[in-house]
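From first to last, the protein sequence lines stand for chains A and B. According to our numbering, the first sequence is numbered sequentially starting from 1. According to our numbering, the second sequence is numbered sequentially starting from 1.
Certain hints may be false.
[What the hints assert, rightly or not] Pairs of lysine to any residue, SDA-like flavour, derived with a Cα cap of 20 Å: (1) B:Lys158 with A:Gly219; (2) A:Lys210 with B:Gly42; (3) A:Lys212 with B:Phe155; (4) A:Lys210 with B:Lys33; (5) A:Lys210 with B:Tyr151; (6) B:Lys158 with A:Ile216; (7) B:Lys33 with A:Arg230; (8) B:Lys113 with A:Pro175; (9) B:Lys113 with A:Thr263.
Because the hints were derived from the structure by calculation, they are not lab data.
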Amino acid sequence: MTSINVDRKIQSRDTDNTQDVPGSRAPLVLNMDKFNQVTQQVCQIAEARRTPMAWYITFAIGLGLLSLLGFCIVYLIVTGVGVWGLNNPVMWAYDITNFVFWVGIGHAGTLISAILFLFRQKWRTGINRFAEAMTIFAVMCAGIFPGIHVGRVWVVYWLFPLPNQMEMWPQFRSPLLWDVFAVGTYFTVSLLFWFTGLVPDLATLRDRAKGKIQQIAYGAFSLGWRGSNRHWHRYERAYLLLAALSTPLVLSVHSVVSFDFATSQLPGWHTTIFPPYFVAGAIFSGFAMVVTLAIPAREMFGLKNLITLRHLDNMNKVILLTGCMVGYAYAMEFFIAWYSGAIYEKFAFINRAFGQYWWAYLLMVSCNVITPQLFWFKAIRTSIPIMFVLSLLVNVGMWFERFVIIVTSLANDFLPSSWDVFTPTWVDIGTFFGSFGLFLVMFMLFCRFLPMIAIAEVKAVMPEADPHFGDDHGHDDHDSEESKEVRA
Amino acid sequence: MSETPKASTVKSDSPSRAYGLIAEFETPAQIMKAAERVRDSGYKWWDCCTPFPVHGLDQAMGIRPTILPIIVFFMGMAGTSAAFVLQSFTNASDLTVWAGVWVTGYPFLISGKPFMSLPAFIPVMFELTILFAALSTFGLMFAFNGLPQLYHPLFRSKRFRRATDDRFFIVIEARDPHYFKARTREFLESLDPIAVEEVKD
Chain A
1 MTSINVDRKI
11 QSRDTDNTQD
21 VPGSRAPLVL
31 NMDKFNQVTQ
41 QVCQIAEARR
51 TPMAWYITFA
61 IGLGLLSLLG
71 FCIVYLIVTG
81 VGVWGLNNPV
91 MWAYDITNFV
101 FWVGIGHAGT
111 LISAILFLFR
121 QKWRTGINRF
131 AEAMTIFAVM
141 CAGIFPGIHV
151 GRVWVVYWLF
161 PLPNQMEMWP
171 QFRSPLLWDV
181 FAVGTYFTVS
191 LLFWFTGLVP
201 DLATLRDRAK
211 GKIQQIAYGA
221 FSLGWRGSNR
231 HWHRYERAYL
241 LLAALSTPLV
251 LSVHSVVSFD
261 FATSQLPGWH
271 TTIFPPYFVA
281 GAIFSGFAMV
291 VTLAIPAREM
301 FGLKNLITLR
311 HLDNMNKVIL
321 LTGCMVGYAY
331 AMEFFIAWYS
341 GAIYEKFAFI
351 NRAFGQYWWA
361 YLLMVSCNVI
371 TPQLFWFKAI
381 RTSIPIMFVL
391 SLLVNVGMWF
401 ERFVIIVTSL
411 ANDFLPSSWD
421 VFTPTWVDIG
431 TFFGSFGLFL
441 VMFMLFCRFL
451 PMIAIAEVKA
461 VMPEADPHFG
471 DDHGHDDHDS
481 EESKEVRA
Chain B
1 MSETPKASTV
11 KSDSPSRAYG
21 LIAEFETPAQ
31 IMKAAERVRD
41 SGYKWWDCCT
51 PFPVHGLDQA
61 MGIRPTILPI
71 IVFFMGMAGT
81 SAAFVLQSFT
91 NASDLTVWAG
101 VWVTGYPFLI
111 SGKPFMSLPA
121 FIPVMFELTI
131 LFAALSTFGL
141 MFAFNGLPQL
151 YHPLFRSKRF
161 RRATDDRFFI
171 VIEARDPHYF
181 KARTREFLES
191 LDPIAVEEVK
201 D
C-alpha cells in the first residue's frame, strides 16, 4: 500500500502493555531499542513518496466539507444572519454551540502537553504532538463562529481595543470581551508551545531531507537548531515555563467561556457551578476527540508501537474520570434547581429534561453519563473498536450538552408569551459540518508533512536515554554542589 | 555567555580556517563521561550536541542556570499592568493621550456598574499576564540561543547530521584559547569516541 516498510509487522500489531508489573516501569516505546528506529519510523511518514490511500480519501472528504463551510459563510455574509434559524428569544444557537464545542475539544491537547508534563506523566510523549495540533486546529474552527455571528463581519475589528473613528472602546466589564482575550491568548500560547516542541524534530527532518524544497522548508522552520546542549538547557527551561503558563491558562479559558452564560441572569445559565463543570466537560470531550483521531492515525501510519494500547487505556481512564465529573455536575445542577427554591430555575431544568428538547437532553445524558461508565471495564478500555464507538458517542453527547444549555434556556425564559422554538436551517447545519472539513484538512496536512510524534521527547523517555543505562557509572555525581562550580 | 574569553584570532597551525573539532559518541553515558573531562580540562568554547536533552548533562558541562525565568516573571507582571492600564484608561477615564494617534478614554455606564470595576478587569489582566509571559519565554529562549541562525559551520559536516538522530557530539571550537589542532585532537581521541573530525569555517 505504501512505501512505509520498516518492520511493518511490529508497527501494525497491537501488543498488550497495559499490565502493571510492580517494581518496573511499563515500556512506553515497544519493540525498539535504538534512537534511530524512532527517527526512522516517524520521519518516513513525512518523507514517503506515496501516501496511504486512506489519507487521500479522508483529505478529499475534508476538502468537500471545507468548501461547504466556505459556501455557507459567504452566503451568510452576503445575505445576513437571517439565513440561520435564529429567532427572537433564541438569538444564540448553533454558532455559540459550535464555538463552545470546538474550544472544548482543544482543551485535551493542552492538558496532555502542559498538565501531564508538570505531573511528569511520561506517556504523554507519544500523543502530545498531535493532541496539540488538534488543539490549534480546533481553536481555529472555534474562532470562526464568533467571528461570523456578529452580523456585520466587516467591523469585526471592533472586538479589539483599537482606536476607531467613533472614539469608542470595547466594554471590558462584559464576559464576551474576556472571551476575545481568553481565546486569543489560548490560540497564541498553544501555537508557541506547539512550535517550540516542533523545532528539534523539524531539525531532524531537515538533516534527513533529500529534496531541495524539503531542505529549505524544514531548514527555515527549524531555525537552525543543532541540538546544542547549551540550547537544550534554555529550551527545557522555556518548555517548563510554557507548560506552567498553559496550565492555568487552559483552566481559565473554558471558565471564561462559561462566564458568557454564568454572568447572565437567565435561568439555567446563572449558576456558579459552570466554570468547573465546563472545564471538566471540555477535557472530557477533548480526550474523546484525541482517541477518535489516534485510532485511525496509528492504523493508517503504523504507529502502534508508539501510541500503544497503554496510551489509549490511560486516555480512556481520563474520559471515565471527567465523565463522572460531568455526570455529577448534571445531577448537582438539578439538585440546586430544586433546593434553591427559585421557581424559574426549577422550571428551566424540568423543561430541559421533559420539554420540547427532551430528545436532546436524553442524548446528552445517555452519551455523557452512561457511555463513559463502560470504561470501568478493562476489556472495554483496551478494545479498539468499542472505544472508537464510545469516543464518537462522547463527542456527539458533548455537542448536545452545549446545545441543550444554550437553546433550552433561551427558548423558554421568564415570560411564556416570548417563548419560541429553534429549528436549524440548512446553513446552520452546513456550517457546523463544514467546520469539520477545516479541521480534517488541517489535521491531514499536519499528519502528512510534520512529525506526528514528538521524536526528541520519545527518545528521551526510552530507557536507553538514561545516562545510567547499562553498567556505566564512571562519571561523578552530577547532583553534587562542587561539580557545578568546577568551571569557576 | 557572560564570561566570554577573548577569542584568539588567527591560528597558525591550520592553513584554512577551522571552526573546530567534533568527536562523535554513541550513548548518553559516553558523552556524559566525556563532557566531564572536557569541562575539567579548561576549555571554554565547547559544546555538546545531542538529539534530545540528556539528563544531567548540564551539570556535567557546568552550564549555569539561565536567567530566563526571572525575565519572564517581570514580563508577566508587565502584562498584568498593561491590561490594567488599558482597561482603566479606556473604560474608566476620559484622559486624552498620544499612543500613535490621539486616543481618549470613554467611561460609559452599563447597568449601573462602576467605571473602575476591578473584579471585572481581572480576567483580561490574567490573560495578558500569560500572553506577555509566554511570548517573552518563546522569543527570549530563541534569542538567547542565538536562533534563528540558518547557517552554521557544523552543518558542513555530513557526520554531524546524526546529531539530530542518534549520535552525541562534543564540539571544541578553534577560537578557544586552549585549542591547538593536534593537541585537541589527541585529547578528544583520548575520550574514546567513534570518530574525531575537523570542521572548516
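Violating hint indices (sorted, rising): Structure breaks hints 2 and 4.
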